[in-house]
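**Student:** Each chain is listed here by its residues.
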Amino acid sequence: MADYSSLDIRQRSASTDQPPAIRSHMEVAKLIDVSKCIGCKACQSACEEWNDLRDDIGVNTGVYDNPHDLTPKTWTLMRFTEYENPETQNLEWLIRKDGCMHCTEPGCLKACPSPGAIVQYSNGIVDFIEENCIGCGYCVKGCPFNIPRLSEKDHKAYKCTLCSDRVAVGQAPACAKACPTGSIMFGTKQAMIEQAHDRVEDLQSRGFKNAGLYDPAGVSGTHVMYVLHHNDKPSLYAGLPNDPKISPLVAFWKGGAKVFGLAAMGFAAVAGFFHYVTAGPNEVAPEEEEEAVELDHEKRRNGGSEARPH
Amino acid sequence: MTIQTDIRDGESRPLREVRTEAPEVLYVPRYTGLQRVNHWITAILFTLLTLSGLAMFTPFLNFLTGLFGGGQATRAVHPWLGVALVVSFTLLFVRFWKLNIPNRDDVEWSKRIGDVVTNREDRLPELGKYNAGQKAVFWGQTFLILVMFVTGLAIWHQYFAGWTSIETQRWALLAHSLAAVIAIAIIVVHIYAGIWVRGTGRAMVRGTVTGGWAYRHHRKWFRQLAGGKIARGPADKRGS
Chain A
1 MADYSSLDIR QRSASTDQPP AIRSHMEVAK LIDVSKCIGC KACQSACEEW NDLRDDIGVN
61 TGVYDNPHDL TPKTWTLMRF TEYENPETQN LEWLIRKDGC MHCTEPGCLK ACPSPGAIVQ
121 YSNGIVDFIE ENCIGCGYCV KGCPFNIPRL SEKDHKAYKC TLCSDRVAVG QAPACAKACP
181 TGSIMFGTKQ AMIEQAHDRV EDLQSRGFKN AGLYDPAGVS GTHVMYVLHH NDKPSLYAGL
241 PNDPKISPLV AFWKGGAKVF GLAAMGFAAV AGFFHYVTAG PNEVAPEEEE EAVELDHEKR
301 RNGGSEARPH
Chain B
1 MTIQTDIRDG ESRPLREVRT EAPEVLYVPR YTGLQRVNHW ITAILFTLLT LSGLAMFTPF
61 LNFLTGLFGG GQATRAVHPW LGVALVVSFT LLFVRFWKLN IPNRDDVEWS KRIGDVVTNR
121 EDRLPELGKY NAGQKAVFWG QTFLILVMFV TGLAIWHQYF AGWTSIETQR WALLAHSLAA
181 VIAIAIIVVH IYAGIWVRGT GRAMVRGTVT GGWAYRHHRK WFRQLAGGKI ARGPADKRGS
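Protein chains in written order, with the working numbering: chain A, 1 to 310; chain B, 1 to 240.
Bound conformation, chain A alone (with noise of 0.2 Å):
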């Protein structure tokens, strides 16, 4: 999928050279407005069908989440909240789509040690190369949402591919197109902004006074958003991050880790060569020879003690 012209490659993991860079893309996004949403897994079965996807039989863990977590077969879930709001003392039920975020700086990418694994195409959308995949996880520790899974059948990581074929040829994603109540929306990131920006309006006469867009900034943005009741509280839609970035941790071993490394590395064998060529070889000296043998001699004949290495 990495070549398709209409998705020019803006970032590359684990790799120093610089990619195509001279046309500009329309960055593309998703809209999920929870506020629309009933839960009726329409996207779930629409991301199985169209990805060609059929996860194992799970188990029920007693809520509506059905499965109950992201699998390398399902990437994309309905995650059921029931909140009791204390200011109106009305149960809410908060449903979000969760899945990919898509994030304008991906940790998944930055995380990634092999070329060309992770891609993240001009247009937004970042993708997950399979065949250039290695297995090592490192995507799951970079990234702020706890999204991509590594399946035990191949050891590779997988996630929402935000449909990049379908984007690629002007379609909607799977979901978007399946959503009955146009929860899901998608066009430019302009446009789902702006359509956001109206909803949030609505809501806020309507007595959600907190309703927001949830676009994070942590993470430059991403182009899948939400239309949240309680922007001012994200971690109510099932621990959604009130504010996520790539973690520190993350950001260190990435940069200062890896500098410090090389560098501690070079430092030593560099100094290592000045070292011989200023200081030069430490010789043992004939004499040296001489006097060992002389010591050996007069322990022998004072009665010498057992040797052995130890």
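Everything labelled a hint here was simulated from the structure, so no lab data went into it. Do not rely on the hints blindly, as some may be mistaken.
Unchecked claim - If you only want the chain A side, here are some residues facing chain B, beta carbon under 7 Å, derived:
| hint | residue |
| --- | --- |
| 1 | Val259 |
| 2 | Gly261 |
| 3 | Gly272 |
| 4 | Ala279 |
| 5 | Leu295 |
| 6 | Arg300 |
Positions of the beta carbon are idealized from the N, C-alpha and C atoms, including for glycine.
Mind docking chain B on chain A? Use the hints.
**Tutor:** Same frame as chain A, now just chain B:
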């Protein structure tokens, strides 16, 4: 007879006399065959771990995955090599830890590190089997291998993915790579010391050092062994 002179320190002393007759030289046993095999298995594993680990550490060294049959194979084999190294190093540790306990001579030696690096062995205290530098390598590797083993298990996704939280695994990844680069730097110094201090390689290749080497670098240890089972031979068999 030719006499080459060393004029460092402003005084002239004979550097090496070329003699016609081969003088007698002692061969002091330093490592048994098993100890050498144990050391070299550890060394080979460390080298393979360095190559496969660095391949996953920075894209500049990603080409090293080719040595192991590609990225997937490198990812799969690296942790198993690590387990093997832990076993091999544990045997070394059990054998040598007592000899690496620091003592007063190590303090004195460390204070005179300037003389150590300028080859002024005559100004250093008499030492047992190991000097403070060798002991530092021993304890440094012990600690770092332990860190890499524990953190390595946490990030061994294939078998231990669900055992720790993702946040713990992030710490483990960082600690694993920092421990690794420090361990590699220590090994670079360790290898260099073997090149710099002439006659050292012989201990790990043939198991013996010459009497002069033992007398110069580890005189206390040599005094314990002198008068015992020390082989004698002509000097031209000195080897490395």
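**Student:** Now, for every hint given, state plainly whether the structure supports it.
**Tutor:** For each hint, the structure was consulted:
no. : hint   : result
1   : Val259 : violated, 10 Å
2   : Gly261 : holds, 3 Å
3   : Gly272 : holds, 4 Å
4   : Ala279 : holds, 6 Å
5   : Leu295 : holds, 5 Å
6   : Arg300 : holds, 5 Å
Hint compliance for this structure: hint 1 alone is broken.
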